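K.L.:
Here's the letter readout for the chains.
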Amino acid sequence: MSAESTLLYLDGVSVSFDGFKALNSLSLVMMPGEMRAIIGPNGAGKTTMMDVITGKTRPDTGTILFEGDTDLTRLREAAIANLGIGRKFQRPTVFEPHTVWDNLELALKAPRRPLKTLTYAISRDDRSRIEEILDITRLSALRSRQAGSLSHGQKQWLEIGMLLAQDPKLLLVDEPVAGMTDAETEQTAELLCSIAGKHSVIVVEHDMSFVRALGVKVTVLAEGSVLAEGSLDAVSANQQVIDTYLGR
Amino acid sequence: MLLRFFLMGLDRKAGIVLTILAILAVAVPVMTLWVPADSPFHLSVFTVSLLGKYLCFALLALALDLVWGYCGILSLGHAAFFAIGGYAMGMYLMRQIGPRGVYGNPVLPDFMVFLNWKELPWYWWGFDQFWFAAVMVLVVPGALAFAFGWFAFRSRVTGVYLSIITQALTFALLLAFFRNDMGFGGNNGLTDFKDILGYDIQADTTRVALFVATVAALALSYMIASGVIASKLGKVLVALRDAESRVRFMGYDTESYKLFAWTLSACMAGVAGALYVPQVGIINPSEFAPASSIEAVIWVAVGGRGTLAGAILGAVLVNMGKSYFTGALPELWLFALGGLFVAVTLFLPKGLLGLGAQLKAKLPGRKASPLSNAQPADQKGA
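Chains as they are written, first to last, in the UniProt record's numbering: chain S, 1 to 248; chain X, 1 to 382.
Hints may contain errors.
[To be verified] Derived Cβ-Cβ restraints for the label pairs, each shown as a range: (1) S:131 <-> X:7: 51 to 61 Å; (2) X:242 <-> S:70: 29 to 39 Å; (3) X:117 <-> S:111: 24 to 34 Å; (4) X:156 <-> S:70: 36 to 46 Å; (5) X:143 <-> S:116: 18 to 28 Å; (6) X:192 <-> S:113: 45 to 55 Å; (7) X:245 <-> S:3: 25 to 35 Å; (8) X:197 <-> S:131: 54 to 64 Å; (9) X:362 <-> S:76: 15 to 25 Å.
[What the hints assert, rightly or not] Computed cross-link-like contacts, BS3-like style, restricted to lysine-lysine with a CA-CA straight-line distance of at most 30 Å: (10) S:198 <-> S:116; (11) S:217 <-> S:116; (12) S:116 <-> S:21; (13) S:116 <-> X:362; (14) S:155 <-> X:118; (15) S:21 <-> S:217; (16) S:21 <-> S:109; (17) S:155 <-> X:360; (18) S:217 <-> S:155.
Bear in mind the hints are in silico, worked out from the structure with no lab data behind them.
Since this is a predicted model, take the numbers as computed values, not measurements.
By construction, the Cβ of each residue, glycine as well, lies at the ideal position given by its N, Cα and C atoms.
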C-alpha cells in the first residue's frame with residue numbers, strides 16, 4: 001500500500017530496549033477520519049507505538065509518515081504536536097494548579113512561541129471554542145474549579161477536552177476508561193465517537209466492552225507486531241488471538 | 001500592549017507590594033534628609049544603606065522565585081548573575097576614580113598599576129561610560145544565562161542535576177575571579193569608589209538616591225514578573241513545572257519557555273547586584289561563593305516559594321535577622337540560618353505567605369478540604 005492519501009503510515013518500525021524488542025517490524029495504516037481501537041496483552045508494544053509516533057522514542061528502523069510525506073522520525077515532540085498529533089496519556093495529566101478553563105486555554109490551538117503567549121489576549125472565537133468544548137465534555141459548571149480538585153473521570157474528560165482544543169488531525173488515546181465507573185465509560189465511548197469523523201482517533205484499551213461500544217476496526221498487537229486486524233467479533237474468533245490472550 | 005501587560009499583573013497582592021514600596025520611596029528620603037537628627041523619626045544614612053542592601057537582596061530573591069517557584073528550576077547559582085551585575089557596576093565606578101587613585105594613574109585602576117599592567121584590557125573598554133555599564137549589567141548576566149540555559153535545557157538536564165550544574169557555574173566563576181590575571185582585582189575585588197554619575201558616592205543625598213533607585217528597580221521588576229506570571233506564558237511555565245512532557249506533547253517548545261524565564265531572571269539578578277555594589281562600596285569574588293546562592297534559596301523558601309511577594313518578604317526578614325545575629329551572636333548565625341531552613345521546610349512548606357492559608361485549613365478541625373495543602377501540618381499534628 002502506498003503512503004499517499006493516508007494520514008498515518010507506519011512501515012517496518014522496530015524499537016528495542018537493551019535487546020528487548022518492544023516493536024518488531026510493526027506496520028499500520030490509518031486513513032483520514034478513521035477511528036481505530038488497538039488491543040493487546042501487556043507488553044505488546046501499545047504504548048511504545050504511541051511513543052514512536054509522538055517522538056518520545058526514536059525507532060531503530062522503519063518509516064513513519066504523517067499525511068503521506070512528513071517523516072515523524074526526525075522531529076521533536078513539540079514539532080510533531082504542532083503538525084496535528086495529540087496524545088492522551090494513560091494517567092490523566094491535567095495541570096492541577098490551573099482552572100479547568102485555563103487548562104483548555106493552554107491547549108487551545110494558538111501560536112505556541114513564547115513571545116506570542118506573553119502577549120496573548122483571548123479572542124471572541126477562542127472564547128466560544130472553549131465554551132463549546134466545556135459543553136461537549138460536560139464541564140461547563142466546573143470551569144473555574146482547580147483541575148487538581150476534579151474527580152478521576154472528570155480529569156479524563158478534561159484531558160480529552162484539551163485534546164479537542166488542540167484540534168489535532170490525529171488523536172492518540174491511551175486507556176481512556178481505566179478506573180472509570182460503567183456510566184462514565186459509556187459516556188466516554190459516546191464522547192470519543194462524536195469526535196471521530198472530524199478527527200482520526202487511535203484508542204488503546206483493555207476494556208473489551210468499551211471497545212465493543214466504540215464499534216470500530218480493531219488491531220491486535222502482540223510482541224511488537226500486528227497479530228490480527230478486523231472487526232472485534234472477527235478478531236475475537238481468531239485462534240491466534242485467543243492463544244495470545246489465554247496463553248498457549 | 002505594554003500597558004495591558006502591566007495591568008494584567010496588577011492583582012491585589014501586587015497592589016499591596018507596590019504601595020509599600022511607594023511609601024518607602026517617599027518616607028525614607030524625608031526621614032533621612034529633612035527630619036532633624038534628634039527626632040525619633042530620623043533615619044541615619046547607615047540605616048538607609050542597610051535597607052537598600054536588603055532590597056537588593058529582595059530583588060535577587062524575586063528573580064530566583066521566578067525560576068524556582070514558577071518553572072521549578074532550583075538554581076543554586078543565582079548569586080553568580082548578581083555578582084556579575086555587581087562587577088559591571090564596579091568597573092564603571094573604578095573608571096570614575098580616575099587620577100584620584102593611590103598611584104594617580106588616570107586610566108588604569110590601582111590594582112592594574114600594582115600588577116605592572118601597561119594598558120587597559122579590552123574588556124574594560126567602555127566602562128567609563130555609565131550607559132555602557134548599565135547595558136552590560138543586563139547583557140552580561142543575560143548572555144551567560146542564555147548560553148548556559150540553552151545547553152542545559154536542550155540537553156534536558158532537570159531537577160537536582162541542573163541545581164548541581166548551577167552550583168558548579170558559580171563555583172567556577174568564584175575561582176576565576178580570584179585570579180589576579182583575570183583583571184578584576186583578584187581576591188580584593190573592586191573598591192574605593194569615589195563617585196557615581198558625578199555625585200560623591202558617600203554623600204547623604206547620593207545614598208538616598210541609590211535607595212530610591214533600588215526601590216524603583218524592585219517595583220518595576222515586580223511588575224514585570226507579575227505580568228509574566230499572569231500572562232498565558234506564565235501559565236505555560238507553571239504547567240511545565242508540574243508536567244513538562246505533557247506540555248511538550250501539547251506543542252509547546254518547553255526549552256524556549258524555560259530559557260525565557262531563566263534569562264529574564266538573570267537580568268533581574270544582575271540589576272540587583274549593580275545596585276548593591278555602590279551601596280556597600282565593594283564587590284569581590286566572595287559574592288560568587290556557593291553559600292550566597294544557597295542563602296538566596298532560603299530567603300525564597302522562608303517567604304513562600306512561587307508567590308513573588310513572599311520572596312521579597314523572606315529576603316528582608318532573613319537579612320534583618322542576619323544583621324541582628326551577626327552583631328549580637330555572630331557564632332550562632334549559621335546555626336540559626338540552617339535551623340530556619342529545616343523548620344520552614346518541615347512546618348511551613350508554603351512559607352510565611354502560605355501561613356494564613358495553612359492556619360485557615362487547620363482551624364475548622366479535621367474537615368480541611370482536599371484542595372488545601374494542609375497535609376504536612378496534619379501529619380505533624382497526628
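K.L.:
If a hint holds in the structure, say so; if it doesn't, say that too.
P.N.:
Against the structure, the hints:
The hinted window of 51 to 61 Å between residue 131 of chain S and residue 7 of chain X is violated, with their beta carbons roughly 25 Å apart. Remark: the range hint 29 to 39 Å for residue 242 of chain X to residue 70 of chain S is upheld by a beta-carbon distance near 30 Å. Our hint of 24 to 34 Å for residue 117 of chain X and residue 111 of chain S is violated, since their Cβ atoms are close to 52 Å apart. The given range of 36 to 46 Å is broken by residue 156 of chain X and residue 70 of chain S, whose C-beta atoms sit roughly 24 Å from each other.
As the Cβ distance of residue 143 of chain X to residue 116 of chain S is approximately 24 Å, the hint placing it in 18 to 28 Å holds. Judged by the Cβ atoms, the range 45 to 55 Å given for residue 192 of chain X and residue 113 of chain S holds: they are separated by roughly 47 Å. Separated by about 28 Å at the C-beta atoms, residue 245 of chain X and residue 3 of chain S satisfy the suggested range of 25 to 35 Å. At roughly 55 Å, the beta carbons of residue 197 of chain X and residue 131 of chain S sit within the given window of 54 to 64 Å.
Range check, residue 362 of chain X to residue 76 of chain S: Cβ separation about 46 Å, and the 15 to 25 Å hint is violated. Under the criterion of a C-alpha separation no larger than 30 Å, the hint pairing residue 198 of chain S with residue 116 of chain S is consistent with the structure, at around 28 Å. For the hint linking residue 217 of chain S to residue 116 of chain S, the alpha-carbon distance of about 41 Å lies beyond 30 Å, and the restraint is violated. At most 30 Å may separate the alpha-carbon atoms for a hinted pair to count; residue 116 of chain S and residue 21 of chain S exceed this at roughly 42 Å.
Under the criterion of a C-alpha separation no larger than 30 Å, the hint pairing residue 116 of chain S with residue 362 of chain X is inconsistent with the structure, at around 42 Å. The hinted pair formed by residue 155 of chain S and residue 118 of chain X fails the criterion: a straight-line CA distance of about 70 Å is larger than 30 Å. Straight-line distance between C-alpha atoms of residue 21 of chain S and residue 217 of chain S comes to about 26 Å, which keeps the hinted pair within the 30 Å bound. Distance restraint check for residue 21 of chain S and residue 109 of chain S: the Cα-Cα separation of roughly 36 Å exceeds the 30 Å cut-off, and the hinted pair is therefore not satisfied.
Between residue 155 of chain S and residue 360 of chain X the CA atoms are separated by roughly 27 Å; this keeps the pair inside 30 Å, and the hint holds. Straight-line distance between C-alpha atoms of residue 217 of chain S and residue 155 of chain S comes to about 27 Å, which keeps the hinted pair within the 30 Å bound.
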